[in-house]
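Asks: Produce the complete structure using the sequences and hints provided.
Heads up: the protein sequence lines correspond to chains A and B, in order. Note that this note's numbering has the first sequence beginning at 1, numbered continuously upward. Note that this note's numbering has the second sequence beginning at 1, numbered continuously upward.
Some hints here could point you the wrong way.
For identical chains, the list gives no copy identity; a pair is met inside one copy or between any two copies.
[Unchecked claim] List of simulated lysine-lysine pairs, BS3-like, C-alpha gap at most 27 Å:
hint, residue 1, residue 2
1, LYS25, LYS107
2, LYS102, LYS120
3, LYS125, LYS102
4, LYS82, LYS120
5, LYS127, LYS25
6, LYS128, LYS102
7, LYS127, LYS102
8, LYS107, LYS120
9, LYS120, LYS25
10, LYS125, LYS107
11, LYS49, LYS122
No lab work stands behind these hints, which were simulated from the structure alone.
There are 2 protein chains.
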Amino acid sequence: MNTIIMEAIQDFYPDDVSHCYGCGKLNEMGYQLKSYAVGEETMARFTPKEYHTATPGFVYGGLLASLVDCHGTGTAAIATYKNEDRPFGSEPKLRFVTASLKVDYLKPTPLGQELLINGKVKEIKGKKVVSEITISVNEVITVRGEVVAVQMPESMGKK
Amino acid sequence: MNTIIMEAIQDFYPDDVSHCYGCGKLNEMGYQLKSYAVGEETMARFTPKEYHTATPGFVYGGLLASLVDCHGTGTAAIATYKNEDRPFGSEPKLRFVTASLKVDYLKPTPLGQELLINGKVKEIKGKKVVSEITISVNEVITVRGEVVAVQMPESMGKK
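Replies: Here it is in structure tokens:
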């Protein structure tokens with residue numbers, strides 16, 4: 001049996017900035033989203049709870065925006081480690097935050113199934129990374145987003 | 001003593017589409033955001049929980065996007081009732097959903113205080129309403145958003 005061990009980028013965030021409600025490994029109340037490098041792209045999976053509703057049967061748009069957001073900052077960190085040709089988690093450890101977020105709700109996202117979140121980098125410029133994120137269910141893209149992420153300023157906790 | 005009784009627009013949404021995680025009165029697990037008409041503008045207030053963190057001490061961006069989102073759809077309903085010169089909740093009842101969302105995080109939003117969410121309509125065109133939303137803490141604007149809201153399609157539950 002062949003197995004691939006993949007490590008999520010969020011597991012390499014410094015502990016003192018790993019409390020994000022969307023993706024922090026140290027936030028027990030949060031979503032704990034995990035973003036992985038897959039070839040030149042990135043991927044995450046998430047299954048909403050039954051109460052994450054917009055209207056009955058559909059996923060809440062604010063949750064979808066949150067998934068775009070956190071997968072965007074994760075994608076930025078993955079891309080920057082790769083761009084600097086060094087392993088995830090090597091020093092200085094990277095941690096991005098969102099400067100701006102755009103989300104287009106292309107169609108209602110059905111609730112009750114696993115969501116696939118894909119990311120692709122559009123631009124890396126200094127400490128800024130722009131990525132394109134999609135969310136799909138059963139291979140149908142329902143949400144398309146763009147995240148402008150920047151390296152976390154010291155004022156937000158990263159030393 | 002003079003009192004003003006204000007009714008939130010979300011309390012006029014039809015019951016069968018009042019399960020939104022962000023603002024549905026029938027979603028006991030959700031945020032239950034309440035948006036009010038104040039003169040020509042709109043207003044809501046929200047105090048995040050201590051676990052709604054980005055990094056320790058700051059509010060999670062996905063929650064802020066959610067507040068922009070739900071206050072944007074609420075603002076769209078308020079503006080459309082007014083534009084049609086009829087009382088909130090009169091038939092046909094209005095319920096908007098988000099077509100697209102843009103959020104600029106101008107600076108980190110401190111956690112532990114009440115957030116003020118303000119809305120202003122930029123454009124009403126047929127069944128589409130564009131609104132500008134800000135979030136502020138202690139009179140400092142930390143988030144600026146734009147919401148394109150459209151009247152809910154029947155496929156999402158509104159008959």
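Asks: Against each hint, give a clear statement of whether it holds in the structure.
Replies: Each hint tested on the structure:
1. LYS25 x LYS107: So LYS25 and LYS107 pass the 27 Å test across copies only (24 Å; inside, 31 Å).
2. LYS102 x LYS120: Cα proximity of LYS102 and LYS120: in one copy and across copies (15 Å, 19 Å).
3. LYS125 x LYS102: This pair counts as both: shortest intra-copy Cα distance 19 Å, inter-copy 21 Å.
4. LYS82 x LYS120: within (13 Å within a copy, 42 Å between copies)
5. LYS127 x LYS25: within (23 Å within a copy, 42 Å between copies)
6. LYS128 x LYS102: both (16 Å within a copy, 18 Å between copies)
7. LYS127 x LYS102: Classified as both: same-chain Cα gap 19 Å, cross-chain 21 Å, threshold 27 Å.
8. LYS107 x LYS120: both (21 Å within a copy, 26 Å between copies)
9. LYS120 x LYS25: Close inside one copy (23 Å), not across copies (37 Å); limit 27 Å.
10. LYS125 x LYS107: between (32 Å within a copy, 20 Å between copies)
11. LYS49 x LYS122: Cα proximity of LYS49 and LYS122: none, with 31 Å in one copy and 34 Å across.
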